[in-house]
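Protein chains: 2
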Amino acid sequence: MSHLDDELLTDPRDALLEIYNEEGDVSAEFLDQIDRAIEQEDSAFLREQMGNRHESEIGDVLESLDPTSRQSLVRLLGADFDLTALTEVDEAVRLDIINSLPNEQIATAISALDSDDAVYILEDLDDEEREDILAKLPFTERIRLSRSLDYPESSAGRRMQTEFVAVPPYWTVGQTIDYMREDDNLPHSFSQIFVVDPTFRLLGAVDLDQILRTKRQTKIETIMRETNHPIDAELDQEEAAQVFEQYDLLSAAVVDSNGRLVGVLTIDDVVDVIHEEADEDIKRMGGVGDEELSDNVVSAVRSRFGWLLINLGTAFLSASVIGLFDESISKMIALAVLMPIVASMGGNAGTQTMTVTVRALATRDLDIYNAARIIRREAGVGLFNGFAFAILIAIAAGLWFNNPQLGGVVAAAMVINMFVAAMAGILIPLLLQRAGADPAISSSVFVTTTTDVIGFFSFLGIATWWFNI
Amino acid sequence: MSHLDDELLTDPRDALLEIYNEEGDVSAEFLDQIDRAIEQEDSAFLREQMGNRHESEIGDVLESLDPTSRQSLVRLLGADFDLTALTEVDEAVRLDIINSLPNEQIATAISALDSDDAVYILEDLDDEEREDILAKLPFTERIRLSRSLDYPESSAGRRMQTEFVAVPPYWTVGQTIDYMREDDNLPHSFSQIFVVDPTFRLLGAVDLDQILRTKRQTKIETIMRETNHPIDAELDQEEAAQVFEQYDLLSAAVVDSNGRLVGVLTIDDVVDVIHEEADEDIKRMGGVGDEELSDNVVSAVRSRFGWLLINLGTAFLSASVIGLFDESISKMIALAVLMPIVASMGGNAGTQTMTVTVRALATRDLDIYNAARIIRREAGVGLFNGFAFAILIAIAAGLWFNNPQLGGVVAAAMVINMFVAAMAGILIPLLLQRAGADPAISSSVFVTTTTDVIGFFSFLGIATWWFNI
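Protein chains in written order, with the numbering used here: chain A, 1 to 469; chain B, 1 to 469.
Source of the hints: derived by calculation from the structure; they are not laboratory data. Heads up, a few of these hints could be off.
Remember, identical chains collapse to one label, so a pair may be satisfied in a single copy or spanning two.
Computed cross-link-like contacts, EDC-like style, restricted to lysine to aspartate or glutamate with a CA-CA straight-line distance of at most 16 Å [unchecked claim]:
hint, residue 1, residue 2
1, Lys-219, Asp-197
2, Lys-215, Asp-184
3, Lys-215, Asp-178
4, Lys-136, Glu-104
5, Lys-215, Asp-35
Owing to the predicted nature of the structure, the values given are computational and were not obtained by experimental measurement.
Build out the structure end to end from the sequences listed, making use of the hints.
Here you go:
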């Protein structure tokens, strides 16, 4: 789309160099020029190139620079550095930059931000630094931000913007438009205005397109929507995002426990929340914690060690099942060769079912009405795939070891393990969810342990019984 | 938030029963009442309860009903059934309902929809049925929808809404507002208006809040933004979503190859795209294709069989590595017991690294600037975890088999496999991406095959060499 910009529009940012290459990454040429300017301390060039860019572009550049150049860039930009860019970078990069700036400069920059961006930056700081910066802010600004920061982490109150337009119900459309034309303290952008009573209790909302298509003399109360899904400030951001998605909202009023309007939650923050949640689910299922790409070795080890330790424990459990059959294996080495195949197929089939289940639970598509049907379906899939792969493995193993009976034994174990895998893949996440645990975090270890243990036990057990060893 | 609705606002939908229970699922009581009304063919009750609900609520009810009741409900609602609800349900449910309705009724209902919703429903139908429905639509409506349907699947042109407000640059704010007050054909809702030349080439856009805060006599061209990231209609929806996210857009102009305005893409469609993409990534990493929860056994088997077949092949590859060492195993059965632990730890560590890498590639956080740093980090994590778990497994295995030398051998294999796992976990997705393949689909099989093969080979190989068997 960027080449369309160039063709169609006389871009006011014509002096700006192209920042992205064709893959959408920050281009090497651009980064070279910035690096050279930083080396030569050429603030004028840096201000020209970085001063008026969109915050996400500045964020991309910051993430592409090494830590020393990053701090130099921010220092050279001085007051022209748009602190909003810090909402677009990893936590590690953000803290790195914040810690390199004097608190006075941060306070000045913070007071120019929308309150939601300011809170996003402040909430990650340690208590002392945050208090120091807040103390340097003008009184009203400090109160405003403190109120947001008092709400729990990841709540709607933390993500909301405290700047909004609210009018009384008896105003006319004309009065409302005149008010907006005169007031210099409007939010940077907004898509609806709220209607409140004298105590600021929320009465309703009006979308801007509704105002524009209504005659001046019409009263606001006659065009306001009363059901506008107000969000409780204490509500978790993930649940707030679900309300936005379900009702296709662009923005929603945030109210305190007395029903008083305290802020507005906008769709752009909600898009970030949706991303974070998808990220979290993917990472949890992969056995990595709240890790970010900019984390160093120590943080990465910390986020992964626990999971591997649990896996070591369950691996010993599976190994001890093998240990039960050491005599059988010593008499028929082919068992040792084939046993990982049965376990691995079960693990993969179980992971497939579990992936579908965990995702459906996260998106609330799986509930008590369809759970029985999905369990039946998974049983069907498990049995079908079990028999199909039993035939394949029976032929392959029978030929390999020139032992048709061994083929039959491994086939029987395959059917059992694929069926167990399907059941474990759906029942374990459902039970974990019911028990109040996050199925994305813990399902995988339970499912693969089950398929390993059952895989080894069924195969080695049936072989021991059949061959009477 | 729903209890806030009740407390604060005099809900115009007071006659409506509460649809959701506390978990946010459709409540059993509500569903019972609907089911009973369907049985008694009580259209009046169903119209009252389902006629004015939000489309997503109707969609949730449809998904909770069994197929027969679902079709009866739609039949009983007749013209009061809001076809938009079909954009909120799984493809299988959607086709099920569409196929139960006569094409005349679909055509009538389609012409009342926003064009993006109409296209969403039409695009999944088979060609013949779609053409038949289109032929029954009024001319302008048919042209409008055909134009969207001519754009490639999953393109911005398919997702756009063809209803929008466009004005010439020389109009004043006052003229624009008057035009909106008079025109009855405005879109259902909109958050910006576009500025076009007489040939409909896009010149710029103005947000509604900008119009409301500007005096009537001001010309539109003086307040329009020129850089508004127009989206090429042929652009893939995923890339369009990335533009929205990067620049926090609420809506964006969609232009054809001549720069002419053909539609508008709105954030609510983009939110759906973001969800679909996250869904796809999660499912691909879990080895399930484009599967939906409503798929039956046959579709589910089809989406999973291929992946399991590949896994069967790679499992035989790993097994053949074990087969190389059958003599060593027959002389020391403990090797068969311990070998899955080494392979399993490698598999999990590799999956961790791969998860972080695949996700970072999907969100474009990983690029040529930080790849070297991340590879170094993963090497560090692999070595650290390798040595840490080597010590643990050396002690555990040494004690279990009362053989400290065996502990040493398994420890050495653990260090090697954990390091290989880390490298495979990052290099394989990077290489696949470079080769133009989707790393989310194919990384997992390559990574776990690598860790299985290296795990078995290093452990059994070192043991054979050390114990000289």
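Here's how the hints hold up against the structure:
1. Lys-219 <-> Asp-197: So Lys-219 and Asp-197 pass the 16 Å test inside one copy only (15 Å; across, 35 Å).
2. Lys-215 <-> Asp-184: Intra 24 Å, inter 13 Å, cutoff 16 Å: inter-copy only.
3. Lys-215 <-> Asp-178: both (13 Å within a copy, 9 Å between copies)
4. Lys-136 <-> Glu-104: The answer is within: 7 Å in one copy meets 16 Å, while 68 Å across copies does not.
5. Lys-215 <-> Asp-35: neither (56 Å within a copy, 45 Å between copies)
The structure fails hint 5 only (numbered hints given earlier).
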